[in-house]
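Number of protein chains: 2
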Amino acid sequence: MHNAHTMNLTAPKQLPKNGMRITPLGGLGEIGRNMTVFEFGGKLLIVDCGVLFPEEHQPGIDVILADFSAIRNRLQDVVGIFLTHGHEDHIGGVPYLLKERRDIPVIGSKLTLAFISAKLQEHRIKPKTITVEGGGTMKLGPFELEFAAVNHSIPDGLAIAIRTAAGLVVATGDFKMDQFPLDNRLTDLRAFGRFGEEGVDLLLSDSTNAEVPGFLASERDLIPAIETVFRTAPRRIIVSSFASHIHRIQQVVDAAHAHGRKVAFVGRSMVRNMGIAVDLGYLTIPRGVLVDFKKLMNTDESKVTLICTGSQGEPMAALARMANGDHQIRLTEGDTVLMASSLIPGNENAIYTIINKLTDLGANVVHKGNAKVHVSGHASAGELVYCYNIMKPRAVMPVHGEAKHLRANGQLAIRTGVAENNVIIAKDGTTVDLVDGVARISGQVSAGLVFVDGQTVGRATEETLGARRQLSEAGVVVVLAIVDPATTTLAEVPEFITRGFIHDVPTLDGAAGVIEKALAAAKKQGRDDVEQLESAIAREVGRHIARTYRREPVVVAVVVDA
Amino acid sequence: MHNAHTMNLTAPKQLPKNGMRITPLGGLGEIGRNMTVFEFGGKLLIVDCGVLFPEEHQPGIDVILADFSAIRNRLQDVVGIFLTHGHEDHIGGVPYLLKERRDIPVIGSKLTLAFISAKLQEHRIKPKTITVEGGGTMKLGPFELEFAAVNHSIPDGLAIAIRTAAGLVVATGDFKMDQFPLDNRLTDLRAFGRFGEEGVDLLLSDSTNAEVPGFLASERDLIPAIETVFRTAPRRIIVSSFASHIHRIQQVVDAAHAHGRKVAFVGRSMVRNMGIAVDLGYLTIPRGVLVDFKKLMNTDESKVTLICTGSQGEPMAALARMANGDHQIRLTEGDTVLMASSLIPGNENAIYTIINKLTDLGANVVHKGNAKVHVSGHASAGELVYCYNIMKPRAVMPVHGEAKHLRANGQLAIRTGVAENNVIIAKDGTTVDLVDGVARISGQVSAGLVFVDGQTVGRATEETLGARRQLSEAGVVVVLAIVDPATTTLAEVPEFITRGFIHDVPTLDGAAGVIEKALAAAKKQGRDDVEQLESAIAREVGRHIARTYRREPVVVAVVVDA
Chain W
1 MHNAHTMNLT
11 APKQLPKNGM
21 RITPLGGLGE
31 IGRNMTVFEF
41 GGKLLIVDCG
51 VLFPEEHQPG
61 IDVILADFSA
71 IRNRLQDVVG
81 IFLTHGHEDH
91 IGGVPYLLKE
101 RRDIPVIGSK
111 LTLAFISAKL
121 QEHRIKPKTI
131 TVEGGGTMKL
141 GPFELEFAAV
151 NHSIPDGLAI
161 AIRTAAGLVV
171 ATGDFKMDQF
181 PLDNRLTDLR
191 AFGRFGEEGV
201 DLLLSDSTNA
211 EVPGFLASER
221 DLIPAIETVF
231 RTAPRRIIVS
241 SFASHIHRIQ
251 QVVDAAHAHG
261 RKVAFVGRSM
271 VRNMGIAVDL
281 GYLTIPRGVL
291 VDFKKLMNTD
301 ESKVTLICTG
311 SQGEPMAALA
321 RMANGDHQIR
331 LTEGDTVLMA
341 SSLIPGNENA
351 IYTIINKLTD
361 LGANVVHKGN
371 AKVHVSGHAS
381 AGELVYCYNI
391 MKPRAVMPVH
401 GEAKHLRANG
411 QLAIRTGVAE
421 NNVIIAKDGT
431 TVDLVDGVAR
441 ISGQVSAGLV
451 FVDGQTVGRA
461 TEETLGARRQ
471 LSEAGVVVVL
481 AIVDPATTTL
491 AEVPEFITRG
501 FIHDVPTLDG
511 AAGVIEKALA
521 AAKKQGRDDV
531 EQLESAIARE
541 VGRHIARTYR
551 REPVVVAVVV
561 DA
Chain D
1001 MHNAHTMNLT
1011 APKQLPKNGM
1021 RITPLGGLGE
1031 IGRNMTVFEF
1041 GGKLLIVDCG
1051 VLFPEEHQPG
1061 IDVILADFSA
1071 IRNRLQDVVG
1081 IFLTHGHEDH
1091 IGGVPYLLKE
1101 RRDIPVIGSK
1111 LTLAFISAKL
1121 QEHRIKPKTI
1131 TVEGGGTMKL
1141 GPFELEFAAV
1151 NHSIPDGLAI
1161 AIRTAAGLVV
1171 ATGDFKMDQF
1181 PLDNRLTDLR
1191 AFGRFGEEGV
1201 DLLLSDSTNA
1211 EVPGFLASER
1221 DLIPAIETVF
1231 RTAPRRIIVS
1241 SFASHIHRIQ
1251 QVVDAAHAHG
1261 RKVAFVGRSM
1271 VRNMGIAVDL
1281 GYLTIPRGVL
1291 VDFKKLMNTD
1301 ESKVTLICTG
1311 SQGEPMAALA
1321 RMANGDHQIR
1331 LTEGDTVLMA
1341 SSLIPGNENA
1351 IYTIINKLTD
1361 LGANVVHKGN
1371 AKVHVSGHAS
1381 AGELVYCYNI
1391 MKPRAVMPVH
1401 GEAKHLRANG
1411 QLAIRTGVAE
1421 NNVIIAKDGT
1431 TVDLVDGVAR
1441 ISGQVSAGLV
1451 FVDGQTVGRA
1461 TEETLGARRQ
1471 LSEAGVVVVL
1481 AIVDPATTTL
1491 AEVPEFITRG
1501 FIHDVPTLDG
1511 AAGVIEKALA
1521 AAKKQGRDDV
1531 EQLESAIARE
1541 VGRHIARTYR
1551 REPVVVAVVV
1561 DA
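Order-wise, the sequence lines are chains W and D. Per the working numbering, the very first residue in the first sequence carries number 1; after that it's consecutive. Per the working numbering, the very first residue in the second sequence carries number 1001; after that it's consecutive.
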């Protein structure tokens, strides 16, 4: 494989006139933050602009964006941003990009644009949108685009074919190949076949499930487990799911209707998205089934279905609040909770905690671990191989996945006959140039993580997080030293204030001698202004604590002249 | 079910003379920290004393112990502690218990005692031990004990039957029922049958896999996947596993030998435990196969197998250090890493990070997610049902598991015919009294989490962790206020020092007015000693920051008289 990780990469040279440069700015080596820039003839086309959700070692961070710095000086050259589908990891960064240039045209399917428009409205941005559909084509600057329907865990996904003089590049977006999709909108293998006959020079292909052998079950295969819940639940049924998984929710609504239950949506994003889905015809709710959840409080409990957010254990979502007894809806013995969703790696602990709390409340919790209530939204190895074989791409660049997924997907491509050195394992920021029909890694641009923290973008850094991690491990010790400026010695007994540090203040008093020594040494070196004294004290007290307690709290010294 | 969670429990009344009290002090509602106290005739028998490993929301904590306070005043009544097997979650707390009373007899199988003795030696404790084996019996105070072999993911596990005038109680310990165990030591179903014929009044049964339908594969069923690795790996093979999973390691050693590879152990606990296992005859290494890993550095790489620690992503273990390029052993393209281990919930992120880093280095990583390289150590539902049916216990108390596991195990018991109100869902500290052959919840004793943090036991509290979590979310802001004591007003511009907080110090200067107001209000209320001023300033600056930035750092105010 042509592997960016084992190469020494520098900034790429100028792109040849008839070449296309493909630069993934996020989504390689991670699930999330998907963003790819296609450059041709001096113009840029962006495909997707998502967010990544932080992990535990990134405390206090709301979301993580791709680094726009590689294109920041060229925003006027951007001819448009195409969104493959409406998931956060593909659209969540759009508001931040549009804040840098408001009039970038946003292109996508009807549902995708409805979801991004609702999100942009919260940011008070009214985007310039262009609605497209599977089979459609459009010319955007030097790019000839064609769209192909793909099936995924949100309706109305699109793959994109990009034609320029450099060749034909296809990006699948997130997709799978459910052969019995609820909306009968299949992944358009015929289009993939036509692209293949024309000759695909480079395929960017979804890697998420490349390690999973075989084929996914169909969304419809969840019917038996959902039916079992509705047939046997004695009291209320509470269903949690992603607020964008319209087909999953359609199945729940249909089961509720069949069993004479009412349905209410709970949670702001669920209510908003299902409103959009009903308005646009993506979700069909039989007359009389949908009611406001407050009305359900007095309804016969065996006639109640609540559909809520929080399937990933998000602490502020409806399900977590129910589990904590912190929601209007109080769960009790006999209630059934159906978690009809995936278990995204990293969320397991939060989800298990909620399952256990719900169980403690007496609820019967049906989840992925004990019933067939979820299928993935991403093609398994068997499906990926179908795509490679019908498209026969000359080169393949696995995208949307961690390193192990990219590698596994690359190996599938090789098994279908793609030449080994035409399988390109890039990382975020790796530039891949398609010149004379041959795709090669050409360099590396900046593509670090950009943290959104409160109202700031990019202000929190790895250094900030390093300090937070240190604070969380051992807390903070504040040292107040009243220093006689004439002698640079302590004028009073030093004070210690601690938070999150377990050793009592009195036990720190032994540090007074350490402080005197630090002061004397600083004076001797002539490094004795207040800031220098503070850093000397902090350093020496930190060492003293590490030696004594084998713990490394953050030490902040405050020096005040006596 | 007889569910402690839905009852209002108070301290239990005195135990009737011929009754037995069973008090789980850990292991219910969590995987870990297993400890159960059996009381009869004024004497106490302890079964297991393990640790629980902290989760992300418990930063800086080394391990978590059971709360010994319920038995602290009765340590002289303890006739012994029986250890079912040698895993940390069953033995890790023993050193801390023995520090409270050194001469408590420690009872267990040969391997279990070898492992706990090695651990106690590190704590400079020489325990009083009694070695027992499957089929053996002993009298310990008023308790008549009988032991039965069980199969688990560590050799030499034992179930225990406890006979008193109160009846017959059986505790399975952690177990499964591999019908083709590597050491041919089957879980002793015959003994379970004999106990059943005698009449089991209460069964404490392992719940970990009660939600998993069917039967586990055999340890031997991993041979094909392990063989594939050894047949195809072009260069070095690095195997990670638990340092106690002797049978897994035996299989790797056998495969290495069959393929003409040498084996070296890497990592302190791996080297120590495998030394014990070889010495006691639990691990067989053909002559000439084992070498010191430093010798392997210059050996033909296709002849090398390294067996190391770190299968759970532990950051200081050998595998993580190799992944970070921070170990003598430098992995490169063509090396194969076999992670022959489970993926303990909560460790996923750490493990996936390592897999991805190893993949980036060019290694082929074979793990549970892409090959059959692991079977669990805990009986699945099918196996548990066999036990219920052969033992026909009158009452069942599911143990070793989270709430969902306990509930699922209870439901299995009910399906085999155990009366619903004889299935006892206890929580940590719930006392269960067996009187006249009937087991009933009788009350609740203290059973909180006891944190080991550095050299301290029980000093870190939930409050400490709350402060650490707050610090990790938004950092710390130290405010230095030089106050004129005559007027209780600021004598100088206040100083702000921040760590892990993202807003620059200058932007905090607006807080000076807030500080003046806080000082004025404190003065007016007569609450104006230094500590009161500090807490008033911290509170108001905290509110100011929350209003302004929607972030809640820890605020520490230091007031110094001008």
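Treat the hints as calculated values from the structure; they're not laboratory data. As the structure is a prediction and not an experimental result, all values here were calculated from the model. Glycine included, every Cβ here is placed at the ideal spot set by N, Cα and C. Any given hint could turn out to be false.
[Stated by the list, open to error] Restraint ranges, calculated between C-beta atoms of paired labels, are given here:
hint, chain 1, residue 1, chain 2, residue 2, range
1, W, P485, D, V1530, 47 to 55 Å
2, W, R539, D, G1042, 42 to 50 Å
3, D, K1017, W, A512, 56 to 64 Å
4, D, K1017, W, I223, 54 to 62 Å
5, D, D1292, W, G437, 48 to 56 Å
6, D, A1217, W, R547, 24 to 32 Å
7, D, E1462, W, Y386, 34 to 42 Å
Verification of the hints:
1. W:P485 to D:V1530: 47 to 55 Å: For P485 of chain W and V1530 of chain D the Cβ distance comes to about 22 Å; the hint is violated.
2. W:R539 to D:G1042: 42 to 50 Å: Check failed, 57 Å falls outside 42 to 50 Å.
3. D:K1017 to W:A512: 56 to 64 Å: Since K1017 of chain D and A512 of chain W have Cβ atoms about 60 Å apart, the given range 56 to 64 Å holds.
4. D:K1017 to W:I223: 54 to 62 Å: holds (58 Å)
5. D:D1292 to W:G437: 48 to 56 Å: Taking Cβ atoms as reference, D1292 of chain D and G437 of chain W lie about 54 Å apart, which means the hint holds.
6. D:A1217 to W:R547: 24 to 32 Å: Violated - the Cβ-Cβ distance for A1217 of chain D and R547 of chain W, about 50 Å, lies outside 24 to 32 Å.
7. D:E1462 to W:Y386: 34 to 42 Å: violated (53 Å)
Hint compliance for this structure: hints 1, 2, 6 and 7 are broken, all remaining hints hold.
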